[in-house]
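Asker: One letter stands for each residue in the lines below.
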Amino acid sequence: MRDAPLLALKDYAITFATPDGTVQAVNGLDLSVQPGEVLAVVGESGSGKSQTFNGVFGLLARNATTSGEARLEGRNLLDLSPRELDQIRGRDMAMVFQDPMTALNPAMKIRKQLAETLTVHRGLSRREANAESLAIMKRVGIPEAERRIEQYPHQLSGGMRQRVVIAMALLCRPKLIVADEPTTALDVTIQAQILDLFRDLIAETGTALILITHDLGVVAGVADRVAVMYAGRIVESAEADALFSRPAMPYTAALMRSIPRPDQDVEAVEPIPGRPPDLIRPPTGCPFHPRCRFVEDRCRRERPPLAEVAPGRQAACWFPFIDETAGTETAPEAAHG
Amino acid sequence: MTLYAGKREALEDAFLDRDMPRGKPRSLTRDAMRRLRANKAAVVSLFVLAFIVLAAIFAPFFIPYDYETPDWSAFRAPPSLESGHYFGTDQNGRDLLARTLYGTRISLTVAIIATTVSVVVGVLYGATSGFLGGRIDQAMMRFVDVMYALPYILFVILLMVMFGRNVFLLFAAIGLLEWLTMARIVRGQTLSLKEREFIEAARASGVATFPIILRHIVPNLVGPVVIYATLTVPEIVITESFLSYLGFGVQEPLTSLGTLIAEGTDVLEVMPWLLLFPGAVLVSLLLSLAFIGDGLRDAFDPKDR
Amino acid sequence: MLRYATFRLLSTIPVLLIAITACFFILRLAPGGPFDQERALPPAVLANLRAYYHLDDTLIVQYLRYLGRLAQFDLGPSFTTKDFTVAQQIAIGLPYTLIVGGSAFLLAMVAGVISGVCGALYQNRWADYGIAGIVITGLVVPNFLVAPILQLIFGVKLDWLPVGGWGDGSLPYLIMPVIVLALPHIARISRLMRGSMIETLNANFIKTATAKGIGRRRTVIGHALRPALTPVVSYLGPAAGYLLTGSIVVEQIFGIPGIGRYFINAALNRDYGMVLGTVIFYMVLIVVLNLLVDLAYAWLDPKVRTR
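Protein chains in written order, with my numbering: chain A, 1 to 337; chain B, 338 to 642; chain C, 643 to 949.
Okay, chain A solo, but in the shape it has when bound (with noise of 0.2 Å):
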């Protein structure tokens, strides 16, 4: 019943050559992404998010390593050379950067830069291309977007920013959008207008899209799945609304409980204690172990796999708080005694 995957990486890894030893940022991890599916990649700095997405689109630092797959649409993209690659990127996959005042050419018009992916990809002559930039501008919700095209970024305001780099991901149609912390650079209530914007796009053109971010209220709005990063691996994937309902392990519980809700308290946020994992030299067993409230024996000897414990859901636990494969259910005061 399951449409082959749009994006598929399986057993991918990343590691970084730095003078103080070998960085494992990324460590066997597993992944799918439908077509048209918007999947949430959650997890705190330094759990490897970004590096994972940076890697398939061959944007890593040149000390890295990459191995395992990440096939998009059947097609290995790290057997890819950069000019192989080149035809993939911006064009059936592009990327929605962080920051967008650092994301854009400071020293270059905006009709420019959204134009030259249109003539390189599509083979558009300049004034075909600058047409259809200019209503993907509009498409977009900037206002006066004839005089704004031809105005350089520093003339725009931070949330314009981001709508022309959405707008540039989205000029050749692409499958797959990976958005990197679209919204981390901007005011809480232009934050809201970007996601909309998200929604609404996603809804017309029935891309795919990756949202890559540590906030989870940006997840709540707009993910259909989420998978939660830690130390380079997922420990956990779920719909949206499973996942918030009832996490399946420690760690995104954790995680929860560390974020600030409107319905809640601000005392009953706690910060997760102590420090992520150090990755060239990772704890042994569950790299969540040094920290997690219900930390076993087994937990700090062997690493458990990503598995599923209900349909659709799959966690990466020796005890997680769901398990419908063995047919119990347990609450976890109940599993720890």
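Since no wrong hints were added, every one of them can be taken at face value.
Where chain C lies over chain B, by a calculated footprint (3+ residues, C-beta under 8 Å):
#1 488-496
#2 571-583
#3 598-607
#4 616-622
No farther apart than 25 Å at their CA atoms in a straight line, the calculated lysine-lysine pairs in the BS3-like style are these:
#5 Lys10/A with Lys175/A
#6 Lys109/A with Lys945/C
#7 Lys175/A with Lys138/A
#8 Lys849/C with Lys112/A
#9 Lys109/A with Lys138/A
#10 Lys945/C with Lys112/A
#11 Lys945/C with Lys849/C
#12 Lys175/A with Lys112/A
#13 Lys138/A with Lys112/A
#14 Lys849/C with Lys109/A
#15 Lys849/C with Lys175/A
Read the hints as simulated data drawn from the structure, not as lab findings.
Only a predicted model underlies this, so the values are computations on that prediction, with no experimental measurement involved.
Built from N, CA and C at the ideal position, the CB exists for glycine as well.
Given chain A, work out where chains B and C should sit, using these hints.
Answerer: Coordinates of chains B and C only, in the frame set by chain A:
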């Protein structure tokens, strides 16, 4: 009385690391020295430089010839090991090795004196400007900007033409060539140091202005000043050579590397050694100074590259 | 932009004024000048000078006359040659200096930028080390050493190029002087460009461009090059100054009849008028060139342009 003094001591101890103002922060220097030692080019250059300097100072005592007495038996002689003229002789039969060593001595002396002048003027100007701040600082820096825009060397030549070619004028003129950059750097450092907490603390507890400058600011300036002084020396050597080459610098009977090179250029076709040896010494000197200067800068401020 | 331009223009005036005034006083104070009775100048020249300098007027009037004359490009008589004024000698030498200097400037820019970009793109590979070697040579070895060595190799031993002189002004006569003059600046620009390019290539907007799939060449040339050029353009102002002072030596060595040669001769012959006049000329030229570079720089920066 005692209470007040006690409080001051207590504050100073709390806020100021007593060790720090005495010299450069210890860990920083040790780190830098470690990095410098790892820099092979800089280490080799240190040896080369030391060799040249020691040779210039002591070697003339070991050579049978001196820099101005002609050897009547060997005019225009190419370098040879048997004749004892290792670098050859010039048109007047003077031994080139001796002349080169002597010229190096002169060039180095001028360089050191001029660099000292440059450093002293630059540091004083920059520190004062930075410390006083405000309008005075602006005015002083504007002056520096103006001076920057003008071709200094031409002024130097002008002055030399007008006021004769005495050696002291040469030192002063060349020294004043590079103080501008030093002043700017020192001023920048002073400005940023001024804002640091330990200065505020010292002020707050009543330490007077001059001791502040002496104990807290100056020691922290040593790093950048040393680096840029090292980078200044090659500039000065080149300027002195340039002036001597044109005929404005060191005058007969003194000689410098620049003069030797000028003399060598005239007869390049027939007596190439007259150019090549002093030239090689000059290049070695400049290269090693450049590597050492770069090495020092990288050592103290690794993110610069 | 216009505001910046006017501001910049106005701020050069005090600079020039200070410098010119300083020159005036230097002239008055110099021992052995026309104002020094002990110095024996040929009577014809002396008469010329006395008439010209109106020594009986007060200082202020002399100063104003001096300024007025400068405004009309009159730099005074030469103390040693009674037939040509300073301005005339400069005018004669100027085209040669401009050709050599201008070519060196262009060469420095082009060669410097290209080698710098290559160094950045092929970081730590053979090409980078090779370029770095040339850069060090250019930076460390003074032009008065490079020149005779090149003359020896290419002019005498290989006999490919004329050793010196202007000849008919054709390319073979120009190659060596221009290269010698440009070399230290090729080196500096190359180093600046390399560093700047490496830094720019790490910027976020380059990541965006790469992610757009527009290709390496377009990214480097279309997106990275312009911002990376900023430090190089900043250097062009001072470079013009160094080129002028460097040309003095180069003209001397290669026997090119430019202003530099006149300057040296005048200096060695203690022709104050000529020396002073040339210094003033060089100074004005440098300040003007710096101004032009600053304006070009401002124009290139969209933040300033759209103000």
